[in-house]
Amino acid sequence: MTVWLNIILQGVLIGGLYAMFAAGLSLIFGVMRLVNIAHGDLIVLAAYLALVVTQTIGIDPLVSLLLVVPLMALIGYALQRGLLNFTLGDDILPPLLVTFGLSIIIQNGLLELFTADSRKLITGPIEVQTVQIAEGIWIGALPLIQFLVAIAVIAGLQTLFYKSALGRAFRATSDDQSVAQLMGLDTRHVFGMAMALSLAVVGVAGVFLAIRANFDPAIGPARLIFGFEAVIIGGLGSLWGTLAGGVILGVSQAIGAQIDPGWQLLAGHLVFLAILAVRPEGLFPKVAG
Amino acid sequence: MTRVEHATTSSRIGLILIVLATLVLAAAPAWADRLTLRLLAEVFTFLTLASLWNLLAGYAGLVSVGQQAYVGLGGYLLFALTTFGGVHPIAAILLAGPLAALVSIPVASLIFRLRGAYFAIGTWVVAEVFRLLASQLSALGGGSGISLPAPIILAIAPTRSLREFEIYWLALGLTVIVLAALFILLRSRHGLALTAIRDNEVAAQSGGIDVGRLKFVVYLLTAGGTGMIGSLIFLMKLRISPDTAFSVNDWTAFVIFITVIGGVGRIEGPVVGTVIFFVLRQTLADLGSMYLIMMGAVAIGVMLCAPKGLWGLVAERYGWQALPLQRKLVISAET
Amino acid sequence: MSEPLLEVDSIDAFYGDFHALAGVSLRVGAGQVVAVIGANGAGKSTLLRSMSGLMHPRRGAIRFEGANISRMPAFDVVKAGVAMVPEGRRLFPSLSVEENLLIGAQSRRAGPWTLTRVYELFPVLAERRHLPATALSGGQQQMAAIGRALMANPTLLLCDEISLGLAPIILREIYARLSEIVREGISVIAVEQDIVQALRAASYVYCLQEGRVALQGRAAQLTRADISAAYFGV
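Protein chains in written order, with our numbering: chain A, -5 to 283; chain B, 5 to 339; chain C, 720 to 953.
Hints were generated in silico from the structure; no laboratory data involved. Among the clues, some could well be false.
To be verified - Calculated pairs, EDC-like style, for lysine to aspartate or glutamate (alpha carbon to alpha carbon, straight line, at most 16 Å):
id : chain 1 : residue 1 : chain 2 : residue 2
1  : A       : Lys157    : C       : Glu817
2  : B       : Lys312    : A       : Asp85
3  : B       : Lys241    : B       : Glu170
4  : C       : Lys798    : A       : Asp180
All chains should be built: construct the whole structure from the sequences, respecting the hints.
Now the structure itself:
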């Protein structure tokens, strides 16, 4: 019994990481109806950034967040204004194909720079520390921290979206670009800020990914898929729904892995397809896709 | 009296050139060496894959980054049918088409619930599921893959040169069939419906076109064609594994880049794109990831500056078409 | 008129190949109300879109307070002092009434118009401030759209067919408020299909027909016959 409880708890905690993968994706889709196919590869890019930063400056990976997050935000703003703004429009092909091309470029660029070797960031004793929350139930300190950070990130995004002037600008621009401009909003800048925010979240996700697991240039697409599945399971337009979606995905994978290690990923995909079959709008939808 | 005119001077020239080229290519075993034959066969498979992807994305508006699902499925069907079903490899290839189309029916019913870019990622998930399922099939090599048994290879033809010729002609033949089928489809009223959907889906729907059904049918046909080519590809490779069968780079990235650079939404686009792709690959040699980076950058550049591709640029400028597909209304006064 | 507040100098506007405006000239002075009338498709909205910066004329120039704003993007035009009440209201559905008003102040221009003042002008909005904008009636939405434009503290207000879909009694109330706004010194260009209301509110009238100015003059001096002829192109 406690074995299963532990398994499910692991799944819940990694669900937080998946929710962080998804949050940035969801934000961009909400504001500019853009799905960034390179999203997963940008998470991996952030992980490698953390690697470089920790190796050159010699700081603890968790501290590297202070550098990686702003750097990723800057990259996001530049990417949006320099490239992605030019793909936006009625045709769905350009943003899809440009971000797909970007995905291939980032993957292979990282491959050229860092080779295909697997890497991992070491943080020290906190990695193996565990916390006992009940009789026979132990959870890792790091996964717990990461889950709490995920909740904080989502709560932060919700507050920003619904209580701040920037959030107002996001919602107005996503409603009606022309009229937003009539109000004095430079939509190019608004989209740039949205991408900057999205990649800031990606930065957090990337650092935690780097600490938690082995990473190499090729694992980007799988992160994109996990994020995407979390969004669809949870329902479009709801950030807390995305957290729920991430948790469901994580738990499915954990249960699948327990049955047979080769079934870990498959279990997650099958749960996703099942939800797509019986409740395509997701579990807690706010908007139509 | 009105009638619809399809041909233009350029299409008449184009048709003649295509027939000539096909004849020359059919005679290739006589004038080409083994390496060239293999290369040509590879060119044909990419041309077909790109043309099928073009039909899906450029005409039906369904952008898929998961067609590798059917390439791999076709490959595994070949190995399964020949090894366990005792089917002749060439028959297996022809069977793989309809079987892949059958598999695509439940897939479509699921992923058609997604739209736009989310549909694209959905196709990717499906390909991943296929890959993971294939890794679980220990009878077909599991995660490390399996080679085609010698008796099956010999069943194609007794000598190696004959085998090479047969596979070459099969590749050429399948390409001609798929492209001919594409041409017939685009020339028919369904083709007209597809161009309407591409231009304005809502208007097409209100004009009486059953958009959902047409997209579904196109998805099925594309899956079938892709499956067939997939089984041919792995007959040529003689070995299959989940990673090679369902490789995003080989079967989706290159295919998409080819179509984008050549020109999405026109039947000539993939031809131009495939030629450019292979010329670049041969001249630049295999630079591995650098090559992919370059192709990615070029594709992005083309998408931003010339979204209709290189052929699209030329065709719009000069009004050319290689095949008689345009629809021009000719009104003549006749008593 | 001394130096006009806004001067449209013989502009040509196109949608692709379609020639929407040809040689249109117009002037508005400080504190003046100008009406632009015409049938559907005459080019009235195109004219306003060109003035607001959503479109740019291919030929000719638009000058506001002396400066050439012909190529200025819309978000800079509103910062210069020209605010638009768009056709069909077009409030932001994802925002509440108050948030719609607040976003009107995005351009952060200094001036007398604040949330409090807008609520004084339209008390019914204050009662519904936290409701989603879509929960308002047509007339209330029109008030909110005007309030949103006022939050930008403009010197010139562009009103695109604010009479559309409104009951006459509501319309009269809105135009009454409009005259209060004008008394504070804001100029208005009102595009209308409702000629009666436009002539009552404006001091000067332009009539557009198929992209050209077919008639212009003081509202008081134009006859019904003149206007019919120009409106319908008879």
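### Task
If any of the earlier hints don't hold here, list their numbers in rising order.
Failing hints: none at all.
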